[in-house]
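For reference, the chains in residue letters:
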Amino acid sequence: SQWGEENLQALSIQEGEDVTMNCSYKTYTTVVQWYRQKSGKGPALIILIRSNEREKRSGRLRATLDTSSQSSSLSITGTLATDTAVYFCATDDSNNNRIFFGDGTQLVVKP
Amino acid sequence: GPKVLQIPSHQIIDMGQMVTLNCDPVSNHLYFYWYKQILGQQMEFLVNFYNGKVMEKSKLFKDQFSVERPDGSYFTLKIQPTALEDSAVYFCASSFTGGNYEQYFGPGTRLTVL
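Protein chains in written order, with my numbering: chain A, 1 to 111; chain B, 1 to 114.
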């Protein structure tokens, strides 16, 4: 399996708070992709960070990647109720044929 | 943005019947995927498809499963015969290039096998 520690968790926070979600992976990856899946919908890519990047920002989102510890984090600042979703990280394999999804984090942001 | 469509959104069938799930991928994409998600659980890879061929499949892609995309039409997942454990939401995805680029997902087809 591509995945080491299971990072499935459920987080419940108040609107306006900041949150950080983590994932770790076992083997080499060229990218870490973070997807958001809202209830009843398919996942959608929200940020992608490549193995030669340590940090990537997009609006209220910040992703980090530490290839030495094989871990990535996704931070959301000033959360909104509309950020409520399951967040998955995904890595690729050495053949770049597919991506592997982690278990995901269920984030609930209360208005 | 680019959209992937899936038809139908819901399907209820009796165990042992055949079902075909249809996916209309993003028009210029070359790689196609099917995933299975049981409620509240992880997105599980089933298969990927490129240039008319299955590139890789997981252990969840049983012998009863097949995929095709005849003449650039729908990318389909056929299950024949269905089993109770096939009940899940099936997501189709497509990407322009291989696995380390963004995949665009459809809204899913909820399959219920009775």
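I should point out that these hints are in silico values taken from the structure, not numbers from a laboratory. Keep in mind that a hint or two might mislead.
Said to hold, decoys possible - Beta-carbon label-pair distances, calculated as ranges:
no.	chain 1	residue 1	chain 2	residue 2	range
1	B	Asp24	A	Leu45	15 to 21 angstroms
2	B	Leu114	A	Ala44	29 to 35 angstroms
3	B	Leu60	A	Glu55	30 to 36 angstroms
4	A	Thr27	B	Lys3	40 to 46 angstroms
5	B	Gln80	A	Glu17	46 to 52 angstroms
6	B	Leu114	A	Ser69	45 to 51 angstroms
7	A	Thr20	B	Met18	42 to 48 angstroms
8	B	Asn28	A	Ser58	32 to 38 angstroms
9	A	Thr67	B	Ser73	39 to 45 angstroms
10	A	Ser58	B	Pro107	22 to 28 angstroms
Backbone N, C-alpha and C fix where the C-beta goes; we use that ideal spot for every residue, glycine too.
(message) For a quick check of understanding: which of the numbered hints are violated here, in increasing order?
(response) Hints 4, 8 not satisfied by this model.
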